[in-house]
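Novice: As you go down the protein sequences, you meet chains A and B in turn. Each number in this note's numbering corresponds to the 1-based position in the first sequence with 1 added. Each number in this note's numbering corresponds to the 1-based position in the second sequence with 1 added.
Warning: the hint list may mix true and false statements.
Copies of one chain are not kept apart here, so a pair can be met inside one copy or by any two copies together.
Quick list of in silico lysine-lysine cross-link-like pairs, BS3-like style, CA-CA up to 25 Å [said to hold, decoys possible]:
#1 417 / 141
#2 380 / 417
#3 351 / 417
#4 46 / 141
#5 46 / 351
By construction, these hints were calculated from the structure, which means they are not laboratory data. Small disclaimer: the values here were computed from a predicted structure and weren't measured.
Spelled out from the first residue to the last, the chains are:
Protein chains: 2
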Amino acid sequence: MDYVDATNTAIRGAAPAISHLLSALGRRVAFPPDIPFQAAEARGKEFNATIGQITDGAGRALPGESLAAGLAGLSDEQRNRALLYSPVQGLPDLRESWREWQRRGLAAAGREALPSTLPIVTVGLTHGLSIVADLFTGPKRTVAVPSPFWGNYRQTFGVRRGAPVVTAPSYVDGAFNPGALAQALVNLPEGEPAVAILNLPSNPGGYSPTEAERSQIVDSLVREADRRPLLVICDDAYAGLVYAPGIPSASMFWDLNSKHERLIPVKVDGGTKEFSFFGGRVGFLTFGCEPDGELAQALENKVKGLVRSTVGSPVSTSQILLQSVLESGRAEEEFERVRQRLAERYEILKTSLEEIDSPHLRALPFNSGCFSLLEMSSKVGATAGEVRRLLLDESETGIVSIEPSFLRIAFCSVAKTALPEVVRRIADGVETLARR
Amino acid sequence: MDYVDATNTAIRGAAPAISHLLSALGRRVAFPPDIPFQAAEARGKEFNATIGQITDGAGRALPGESLAAGLAGLSDEQRNRALLYSPVQGLPDLRESWREWQRRGLAAAGREALPSTLPIVTVGLTHGLSIVADLFTGPKRTVAVPSPFWGNYRQTFGVRRGAPVVTAPSYVDGAFNPGALAQALVNLPEGEPAVAILNLPSNPGGYSPTEAERSQIVDSLVREADRRPLLVICDDAYAGLVYAPGIPSASMFWDLNSKHERLIPVKVDGGTKEFSFFGGRVGFLTFGCEPDGELAQALENKVKGLVRSTVGSPVSTSQILLQSVLESGRAEEEFERVRQRLAERYEILKTSLEEIDSPHLRALPFNSGCFSLLEMSSKVGATAGEVRRLLLDESETGIVSIEPSFLRIAFCSVAKTALPEVVRRIADGVETLARR
Chain A
2 MDYVDATNTA IRGAAPAISH LLSALGRRVA FPPDIPFQAA EARGKEFNAT
52 IGQITDGAGR ALPGESLAAG LAGLSDEQRN RALLYSPVQG LPDLRESWRE
102 WQRRGLAAAG REALPSTLPI VTVGLTHGLS IVADLFTGPK RTVAVPSPFW
152 GNYRQTFGVR RGAPVVTAPS YVDGAFNPGA LAQALVNLPE GEPAVAILNL
202 PSNPGGYSPT EAERSQIVDS LVREADRRPL LVICDDAYAG LVYAPGIPSA
252 SMFWDLNSKH ERLIPVKVDG GTKEFSFFGG RVGFLTFGCE PDGELAQALE
302 NKVKGLVRST VGSPVSTSQI LLQSVLESGR AEEEFERVRQ RLAERYEILK
352 TSLEEIDSPH LRALPFNSGC FSLLEMSSKV GATAGEVRRL LLDESETGIV
402 SIEPSFLRIA FCSVAKTALP EVVRRIADGV ETLARR
Chain B
2 MDYVDATNTA IRGAAPAISH LLSALGRRVA FPPDIPFQAA EARGKEFNAT
52 IGQITDGAGR ALPGESLAAG LAGLSDEQRN RALLYSPVQG LPDLRESWRE
102 WQRRGLAAAG REALPSTLPI VTVGLTHGLS IVADLFTGPK RTVAVPSPFW
152 GNYRQTFGVR RGAPVVTAPS YVDGAFNPGA LAQALVNLPE GEPAVAILNL
202 PSNPGGYSPT EAERSQIVDS LVREADRRPL LVICDDAYAG LVYAPGIPSA
252 SMFWDLNSKH ERLIPVKVDG GTKEFSFFGG RVGFLTFGCE PDGELAQALE
302 NKVKGLVRST VGSPVSTSQI LLQSVLESGR AEEEFERVRQ RLAERYEILK
352 TSLEEIDSPH LRALPFNSGC FSLLEMSSKV GATAGEVRRL LLDESETGIV
402 SIEPSFLRIA FCSVAKTALP EVVRRIADGV ETLARR
């Protein structure tokens, strides 16, 4: 299949490390010269009878009145675009706007030369992760992630793709461990390609590294890239949601960008948390190379092949809504308002957690994101799941348990006034189980 | 992993044929007792600190004004639901409404006893297909599909899952071939499980079988199920869009339902074409078993595991918009209005195609859906792709080519007044190439 070979050749020529990192599926996939390809070629012709979407014959959607009514806040043109198919790679204006959003602050930091592709639109961040998993992992590709980690990584990389998942602790003696990813890979033979997941601000930890810790992370990953081709997935779900003073808030995608020819950062981000658009499912996948080069083209081609074969095309409706935010001129202000609201909760929660007086429970450091993480002592004699169950059954309080000993508080979905009581109930629950 | 074993045991007990049909991935996947599971348990508690979505602390979304403005037509409650996460299996009221929509007409036909599960929401129909591909196919699972077929089947089943795709002609001597699926499987050893794709109304053919042809399809698939476990994917993208008198419009999912214990129909459908909501990406996956049984639970569990690991959760925004249509009391009327508009185009196109006077081009029979298909004679001495290129370059007309000799007209996106001219240009293009 020529169109697949062409992408493989381009990638091998421009970036041998990426070529080594491709999975078997990654090697055999590319965007086919099929209907969306042919439809793209027919765009603007007098007659366009290529694409199976029902229109009035002049490119306008034919929604029923009830569907149109639900989108009443949009202009006629926006509504029309919201109802029709998106290009497989996403709406072009949204891709441009999101790239600007991702790169805000780079120029002021003297980093505007760092390359990044035009982001490809995915159906939320998990879809971006799952495409990276398809492209770069499989039963023989080790995936490193600090522990505890968001459980869906196990599903997306381990269960679905069969990749071995290796870990090292995110925290050692209650402090963040910047060397975790390199430590997780220490036993992998030199030369064997690997994938690492860097999720900062972290879920479940709510942690973002200090400037010094960032340098340690970069140094350890650059050293790792001396040993092997290393794809680093920057899961930037919570990008910018940083509350503690002095903690840098830019994505580490930029710190890892262009640092080593075998260190390949990929940015996965989206409107989900950054614009509180959870139900919209708009994510983006961005590579750290020049947007117009052959390599970017070939990678985009492969990603489009996977978007096409997993979901057809991304969601137009949500893309139009997100684009309306980005072009409103108020995006930064609206982002900042949410960030400040979460910062208030963070301050209150931090104070409440500092007041916990228990030999059985300690709050791990946090400064950002949506969560805080508590670690139980082994002396409690109960699992995290048992604490969760007790809080549900006897204290009307829902938290997430991560075995064996971690409890996660999602302060992003709790009112600030309620947070002290939530902390009190958790501490009481742990004490109750410790006494039993 | 106990939660995975439990689903496998339930499926093996209730439906050994489905158990035989599961892929290696299908066997190892299930919905984990992870965050969405724990969040579901915490729903309704006084404090719910489980889920990483940013709310006001009382379950209300915190959109910026520009995002909220785009959804101005919805009620406050609808808008709130549209912005927050959907359950992984979809919004409960939409699932109920869609099940009623799918089953309309069954009671009048005396078929209300046919079982069907509560549909699981997917991100458009392709996502449903890709989940079925993940659950039931892989490098050792043959997939049968009549040819020519929608090219994305090759991507979803062949490229992504590595399944061998086998075909037999959809048309023989210009007439529909109801035995195509069984013919495609004739060389597969008896006992070896297989998957078949039944896409009616068809893409690219625009064909729906007559009552007599339906019986032939059912008989041939029942005989095939005597030979092997057979999963039949009813790709009902164009369900109900039938224009010719006397052609049944109900999904063949119902004809295949409960016919043979080794014949397993799965229905893939959605709002994309049925409600002209192309950009919304709301699809559904439905099995032909009782909605409340252990089998339905276990299958739903596996599907949820895959939804979770491919896209996180389906799109709330689009689900709310589709639900607003279904609960408007005008769904049938709005569907019928679009169907009638397409029926007018169908009549005009049919007449134009009958008037083609060329030894090099024949229109294949069509009566439904969004497309009509033309077949070129081998005497033209050019490929379908060359005709497409000529029409683009010299006639300002875009159609889709399917190698070696098929041309597809998407009349769903062309105004009725333009259709005769489109047909004339295609015929002229073919004659031009035949003369060269």
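Novice: Decide, hint by hint, whether the structure agrees.
Specialist: Hints, one by one, checked against the model:
1. 417 / 141: Neither way: residue 417 and residue 141 sit 46 Å apart in one copy and 55 Å across, limit 25 Å.
2. 380 / 417: neither (31 Å within a copy, 76 Å between copies)
3. 351 / 417: within (11 Å within a copy, 65 Å between copies)
4. 46 / 141: neither (47 Å within a copy, 43 Å between copies)
5. 46 / 351: between (60 Å within a copy, 23 Å between copies)
Hints 1, 2, 4 from the earlier list are contradicted by this structure; the remaining hints agree with it.
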